Amino acid sequence: MDAPPTTPDIDLAALDSLRGKYIRTDRDDLFRLHLDRLLKRDADDRLLPEPVTFTATGETRGIALVEGAGGGKTSLVHHGLSTHPALQSADPLRVPWIGVRVPSPATLKSLGLEILRQSGYPQASASLREWDIWGRVRDRFASLGTRVLWIDEAHDLFRAGKPDAVENILKVLKSLMQGEHAVIVVLTGVDMLWQMASYDDQVKRRYSKVTLPAVSTATHGPLFRGVMETFCAKLGLAPPVEADLVERLLHASRYRFGRCLENILAALEIAVLDRAPRLEMAHFAEAFSMQEGCTAGRNVFLTPNWAQIDLAAPGPEAPAKTSQPKSRKKR
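Using the numbering used here, you'd call the opening residue of the sequence shown number 451 and step up by one each time.
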């Protein structure tokens, strides 16, 4: 009896490499513009790893970058800081920027400990008092030459506290932005961050606000079509041909940049595992169904009335939003 034919192994290494690929857009230029204005320049107009001071007391300024969940703001800021020419150092004892995500529980003490850990501090013990922790943070920044502190998911820090706690948080951050070794503070979070953090004029004065706009078919449609074509070529797939695929993709992704990329990669994984010759709408539909747990009638990539689906409605069985809802009269 002949042996059954063997199926060639699926090489997912190429797909994994695509997951780590960064897509640069004009959003990067917007963040870079805000950051560059906070850094000093030398006589040849080259940016330096030193913050501009705006007062006689040596006070720096910060950035508050807000965007809805899944927009890609974390990747954007990480890429912006890790590739900025003024914030790189070949000396392992110099760390021009440090980035942390607000830990759980979201308290000033836990945040300070996380900053110390990320800086490589050898004894970041939870038994330390809060004032001692933040004193060590300032000393650590001075010794490492740290000039930018990035706090991701900052809305969790403000949301967890009462008004007096929020005020205390802002005072601590303000203290980091003053003095001989003052740092630039970059806060990133969802839309509510700015509302929670800017309850007084002093905060609005210290932080410039960066609001990343939602993607649209007109501004980003060609980009995502190009991304799909490039990724398909890397995987040996033919690109999709459905005319309205990009429009459906943006709607399914809540018009968030990061979610669009995640949905493209999820559909590509389905296509690769199916050994399909072409990336198709059906792959997006299967990936979306797995992610959302929705019925076929609420699957953006299946129903012809996809534009009427309200993805903000609770539950997978929630009815689609119509443009003219009918009211039911009592008999």
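Hints in this document: simulated from the structure, not taken from any laboratory.
Among the hints, a few may not be true.
The following label-pair restraints were derived from C-beta to C-beta distances [stated by the list, open to error]:
no., residue 1, residue 2, range
1, Val502, Ala615, 37 to 43 Å
2, Asn618, Arg675, 35 to 41 Å
3, Gly676, Pro754, 47 to 53 Å
4, Ala726, Thr667, 23 to 29 Å
5, Gln758, Arg579, 53 to 59 Å
6, Asp492, Thr667, 29 to 35 Å
7, Ser525, Leu462, 27 to 33 Å
Just so you know, these numbers come straight off a predicted model, no measurement behind them.
All residues carry an ideal CB built from backbone N, CA and C; glycine is no exception.
Results for each hint:
At about 30 Å, the CB distance of valine 502 to alanine 615 disagrees with the hint of 37 to 43 Å. At roughly 49 Å, the beta-carbon separation of asparagine 618 and arginine 675 lies outside the given 35 to 41 Å, and the hint is violated. Range check, glycine 676 to proline 754: Cβ separation about 26 Å, and the 47 to 53 Å hint is violated. For alanine 726 paired with threonine 667, a C-beta distance near 25 Å keeps the hint of 23 to 29 Å intact.
The hint said 53 to 59 Å for the Cβ distance between glutamine 758 and arginine 579, and at roughly 56 Å that hint holds. A hinted range of 29 to 35 Å is violated for the C-beta pair aspartate 492 and threonine 667, which are about 43 Å apart. For serine 525 and leucine 462, the hinted distance range of 27 to 33 Å is not satisfied, since their beta carbons lie about 21 Å from each other.
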